[in-house]
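Protein chains in written order, with our numbering: chain P, 1 to 245; chain X, 1 to 626.
Since the hints were derived computationally from the structure, they do not count as laboratory data. Note that this is a predicted model, so its numbers are computed, not measured. Honestly, I wouldn't trust all of these hints.
Simulated pairs of lysine-lysine, BS3-like, Cα-Cα distance not exceeding 27 Å [what the hints assert, rightly or not]:
1. P/K74 <-> P/K159
2. X/K219 <-> X/K544
3. P/K8 <-> X/K75
4. X/K531 <-> P/K8
5. X/K561 <-> P/K163
6. P/K212 <-> P/K159
7. X/K529 <-> P/K8
8. X/K544 <-> X/K531
9. X/K531 <-> X/K561
10. X/K219 <-> X/K529
11. X/K219 <-> P/K74
12. X/K585 <-> X/K268
13. X/K529 <-> X/K488
14. X/K531 <-> P/K168
15. P/K212 <-> P/K168
16. X/K75 <-> X/K531
Output of the computed footprint for chain P on chain X, the stretches with three or more beta carbons under 8 Å from beta carbons of chain P [what the hints assert, rightly or not]:
17. 332 to 346
18. 409 to 420
19. 509 to 519
Even glycine gets a Cβ: it sits at the ideal position worked out from N, Cα and C.
One-letter residues, chain by chain:
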Amino acid sequence: MAEIITAKVLRYDPSTDDAPWFQDFQVEWVEDPSGIMTALQVLHAINYDQEQIGYDYCCRSGLCGRCSMLIDGKAALACWTPMTPGDHTFEPLPKFPVVKDLIVDRSRAYERFIEANTSIQTVNPIVNLPDIDYNLYWNTLERLNMCRECMCCYSVCPKLQDKGSNWKDFSGPGALMAIAQRYLDTEDEADRLAQAVYSGLFICDQCGECNKVCPSYIAIVDIIAQMQEDATTRGLQPSGTAEFM
Amino acid sequence: MSEVSRRDFLKSAGLVGVGAAVAGLAGCGSNTTSSNGSSEDASAVPYPVGVHEADVLVIGGGIAGCTAARRAMAKGASVIVVDKGLWGHSGTSGINWGHDTETNEWSDDDGSGTIAFWCMCHDGMPDQTFALALCQAVHKARPDATTEQVGSILERTPDNHPASLNAVAPFNGDHGCFPRYFAQSVKRLGAEIHDRTNILDVLLDEGGNVAGAVGLNLKTGEASVFRAKTVVMAMGSFAWISGWNGMSPYTIAGPENTGDGHRILIQKGLAMRDMEQEPFDNVQWTPIGIRQGMGSTGGAITNHTLLLNKNKERITTRIDTPPEGRYYGNAELMRLCVKTILDGDATENGGFYVDARNFADPTNNRYYRRCGENQMRALGYEMPDYVEVVPEQWETAGRPFNYSTTAETEIPGLFYAASGQGSWFGMAFFGAYGTGFMAGEGAADKAAELSAASAIPWDQVNGILGDAYSLLDAEPENGIRSTIVFRKIQEAYWSGLGPIRNEEGINATLAELDRIESEDIPKMFVPSKSKQMNSDWLRAIEAKSLITCARGVAQAALIRKETRGAHCRTDYPALDNVNWLKNTKVQLVDNAWVSEVVDIDDSIISKEILATIIPDFGIDITVKPN
Ligand SMILES: Cc1cc2nc3c(=O)[nH]c(=O)nc-3n(C[C@H](O)[C@H](O)[C@H](O)COP(=O)(O)OP(=O)(O)OC[C@H]3O[C@@H](n4cnc5c(N)ncnc54)[C@H](O)[C@@H]3O)c2cc1C
Ligand code: SF4
Ligand code: SF4
Ligand code: FES
C-alpha cells in the first residue's frame, strides 16, 4: 500500500471562523526521481485534489521567501522542506496576524527593512561600479543580497514578542542584516554602525535562533557580534535599555 | 450597508502614504440601483468600493512597474502601485533572486549604437523606431548603476572587478540584481502601494482615454477603484499558462503571471504583435523542490556550452555549419534544443543534461556556483555531475502592436511596460527596465499636462465588479471547481503551443479551448464563498485571461508559417529571412479574431542587411550524426 502523509493544517479564515482549528488531510506520499517530496507539494496535493487551503508561494524553489511557515514547529520555506511519510503539522509563521490559514501579514517586519534603507548613501553619484574585495563580496555581501525577506528570523527571535515594545526598539535580525550589508560594503558612506545601534543592535543577545532558520545561510549572529564589537570599540554601546512608549 | 461595516470599510479604504492624493468612498448606502447608472453616478454600484486617486497609476510591481513608478515619482507625479501578489515578491521579478543585468550605459554613444545588436539578437523582429527609443532610454536610465544604488551588490570576480568591467560596449552584463530592492525603494519614495490587489480591468472615459482601473483587494474581497490621469500597465507575462508538471506549470514565471494585462488590451480591441514568441529556458527537473523555479541549476540556455544531449554531447558542437562570423544567441539555441528533441536525442524527461562538474568554480556566474551547496543544505540532495534540465517557458515576447516611442498604447494615457522582445534573447531585464523607464516618464509627462483625471465611469465599474462577484456566487449544477478548469486550460495550451508546434496541434488546442469554453466554463464554480484570500475565486477570474492569451498565441502561431525565435513549427521547419522578416498581428474585432502578417519596420537597418546577419537556421538544420 502506498505510504501516507498525514498533514495537520492549522486553518483560520478570520472572516468566517471564530478561532483557528486543526484539520487533518491524508496525502499520498509521491516521491520524485530524487526520492524527495516537499512540504509545498503536500500543500499543492491538498489544495488541488481535496479542498482549497490558504498558503502562499511564488517561485517553488527556495528563492522568493513567500512560502515561509511553521512545519513541524520549525520556521522554514515549504518548498525547501523535504518530507517523510507520517505525521506533519503546518502552522502559520508566528508573531504575524493570520490572513488565511498559512498566510500571514508580515508587513510589520517588512517595514523594518524599509526603514533600514539599503539605498546606498554616497556623497558622489555612482559613476562606475567600483572594485570590491572578492572575499567580502562572495562570502558575505552575496549572502546578504540573497536574504529572502522570508521573516523566519523574526518569527523565532526571542527579543521580538508577539506583543511588546521590542518591535519598536529593535529592527530585528533581517533588517539588521540589511544595515550590515551597507556597513560592510565599501561604497556606502553613511554611519551605518550608529544606525545599527539605534536600530537595537545591542538588544540582541546572540542567542542564535535566527541563524538556525535562515534559508539564505546568512551568518546573522557572527555579523551582529562583529557590529556589536565595533560599536563598543567606538564607544557606541548604550549603557542600558530603557522602555519608552 | 450597516453602520459597523461602513465604518470598518472607511478604515480599510483610508488614506495612506505620501503619494496618495485622495481616498474616499463610493457606492455605500445603496442597494437599489439600476445597472445602467450614468457615468457620474457612484450609487449605481451596489458593492462597497474604495476610491483612490493619483496622477499616475502603475499596475504591477515587478522590475517594469517599479522602474515606471520610480521614474514617474522622480518627475514629480503622485503614484499608486497595485500588485496582485505580495509586494516585492511577485510575478517573475519576485522569483528573480539575482538577475543577470544587461546594459548599454557604459557605451559612448547615446544608445543608438546598440540597436543593430538588439535587432540581430531578436531575429530581425524589433520595431526599429521603438527599439531605438528603448536603447536610448536604457542608456539614460543606467540600470547597472541604479541596481547598485538601490541595494544590490552586483557580482565581483576573483580579481575584485565587476563582471562588465564598466567596459565601453554596445551591451554589457553584470550578475546579481535583486528586484526586491527596487520594490523597497518604491515604498521608501512614498508611492501608495496596494498589494494583494487584483486589477480586473482598465477604465476608459467616453472619449476613449484611460480613466483608471478597478480591482479587488484579495485580502478582503472588497473592490477598489483607482482613478488616475495616466496608467502604466506593467503586469508581466502570461507564462503561467504553460502546462502542468506535477508541481507547477512548465514555467519559471510566477503564479501571478496569468496574462491579465494582455487580456485587457485584447478585449479593448488592441492589436498585438508577435504573440507566438514565448522563449523557453531549460531548468532542473529534479528534485522537485527546485523544479521549474530555477532555485538552483537552470538558465542553462544562456550558458550554452554546458548544454548536452542524452549522449552527453554538446548540442552546439553538433551543428554541421556553425553560423561563423554571425551572432549566435538564445533564439538559435532554443531552435537547437527543439531540433535535439525532435531527433530523439533528448534525455529521459524530454530535456538535456548540464555539465555541472565545475559549477562551483569562481570563474562561473554566481548564479550557478552555490547550486550544489544549496541543494545539499536545503534538501539533502547531492547534485550529480550531469544535471537533467527540461524546457519551460520563461517569458512572453508579445506586446501591443502599435506602441509609441514614449511607451504609450493606442489608448490615450495607457502606457505599457514589459520585458517583451528582450526575453527572446535573455535580455528581459533590459526590456522591462527600459520600457518601465519610458512608460514612467511618458505617463508622468502626460499627467502633468492634464488638469484632472477623467471622471470614474461607474457603469463600467458596475459591470466589471458584477462579473467578478457573480463568479464567486455561481452555483451551477454538476459544477467543476475553478482551479480544475484553470488547469485544463494550462494542459490544453501546452499540448499544442509548447516549444514544438504544428498546425494540427495548434488546432487541437483551439478545439479543446472551444470545448472548455462551451462545456466547462458555464459549470465553473468556487466552493468556498469566503472573500478572504480565496484562491479558487482568483483562478475563476483569471481563467478568462488564460483563454484569451491562449487564443491570441494560437492565432499568431498559425499564421507564422516558418520557424523563428522560439516559435518552432515542425510543418515549417525553415527560418526564412527572405520572405519572413515580418511581424504577426492579431486582434479581436467584434468577438472574432483577425490575424495578418505585416512587414517589419526596417527604417534604420534594412531588411537586406538584416538577412545577412541573422543566423538562418530553423529546426531543419543538419546536425552531425552521433
Ligand atoms: C528565476 C528567473 C531568472 C531570470 N533571470 C533573468 C536574467 O538573468 N536576466 C534577464 O534579463 N531576465 C531574467 N529573467 C526574466 C526577468 O526576471 C523578467 O522578464 C522580468 O522580471 C519581468 O519583469 P516585469 O516587471 O515585466 O514582470 P513581472 O515581474 O512578472 O511583474 C508583473 C507584476 O504584475 C503583477 N500583476 C499581474 N497581474 C496583475 C493584476 N491583474 N493586477 C495587479 N497586478 C498584477 C504581478 O503580481 C507582478 O508583480 C528571469 C526570470 C526568472 C523567473
Ligand atoms: S541572535 Fe539576536 S537577532 Fe538572532 S534570534 Fe537571537 S536575539 Fe534575535
Ligand atoms: S535574514 Fe534569513 S531568515 Fe531573516 S528574512 Fe532574510 S532570509 Fe529570511
Ligand atoms: S515558494 Fe518561493 S521560497 Fe518557497
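Each hint, compared with the structure:
| no. | hint | verdict |
| --- | --- | --- |
| 1 | P/K74 <-> P/K159 | holds, 18 Å |
| 2 | X/K219 <-> X/K544 | holds, 21 Å |
| 3 | P/K8 <-> X/K75 | violated, 52 Å |
| 4 | X/K531 <-> P/K8 | holds, 24 Å |
| 5 | X/K561 <-> P/K163 | violated, 64 Å |
| 6 | P/K212 <-> P/K159 | holds, 16 Å |
| 7 | X/K529 <-> P/K8 | holds, 23 Å |
| 8 | X/K544 <-> X/K531 | holds, 19 Å |
| 9 | X/K531 <-> X/K561 | violated, 46 Å |
| 10 | X/K219 <-> X/K529 | holds, 13 Å |
| 11 | X/K219 <-> P/K74 | holds, 26 Å |
| 12 | X/K585 <-> X/K268 | holds, 15 Å |
| 13 | X/K529 <-> X/K488 | holds, 22 Å |
| 14 | X/K531 <-> P/K168 | violated, 32 Å |
| 15 | P/K212 <-> P/K168 | holds, 24 Å |
| 16 | X/K75 <-> X/K531 | violated, 38 Å |
| 17 | 332 to 346 | violated (count 0) |
| 18 | 409 to 420 | violated (count 0) |
| 19 | 509 to 519 | violated (count 0) |
In terms of the numbered hints stated before, the structure departs from hints 3, 5, 9, 14, 16, 17, 18, 19, listed from lowest to highest.
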